[in-house]
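Following our numbering, the numbering of the sequence shown begins with 47 at its first residue and continues without gaps.
Rather than coming from a laboratory, the hints here were simulated on the basis of the structure.
Below 20 angstroms or equal to it, Euclidean Cα-Cα: the simulated EDC-like pairs (lysine to aspartate or glutamate) are:
1. Lys78 with Glu60
2. Lys185 with Glu152
3. Lys185 with Asp66
4. Lys78 with Glu65
5. Lys185 with Asp149
6. Lys178 with Asp155
7. Lys100 with Glu60
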Amino acid sequence: MAKKRNGRQDAIREIVRTEDVRTQRVLVDELKARGFDCTQATVSRDIADMGLRKLPEGMYVLAEDLHLQRMVSELVIGVQRTENLVIIKAQPGTALGIAAAIDAAELPDVLGSLAGNDTILVITQTPDDGEKFEAMIAKLRSVRK
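Kindly produce the complete structure, drawing on both the sequences and the hints.
Structure follows, in structure tokens:
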């Protein structure tokens, strides 16, 4: 049972980081599309166990991603990707803080980041991971305070 729950919670992390999830029903549907047979009550328990939060815009976000979300939505100017390398352009003097927030989020597919004054290089394991990371940053950029 614990193995199944952990796999489902890993899937929830990925879904919440890459999709615009506003309801438990959407989360259940996304999980079912990925082969998890679960009920809304199960997902509700997972949400509580994982400490998911709802942003004022109504989207679910992982507790550990809240700081990253604030930094990205306020300070990131643009994102570009090639294969497994993602370049993030930020307000001058803020790149180090954003890179620290990326590192603190402990994203499973991110190998590491390097920061200058206004640019961050994020290295992911694979091109697919780079695409997922780019999508997550784009999602977080769209959320405004």
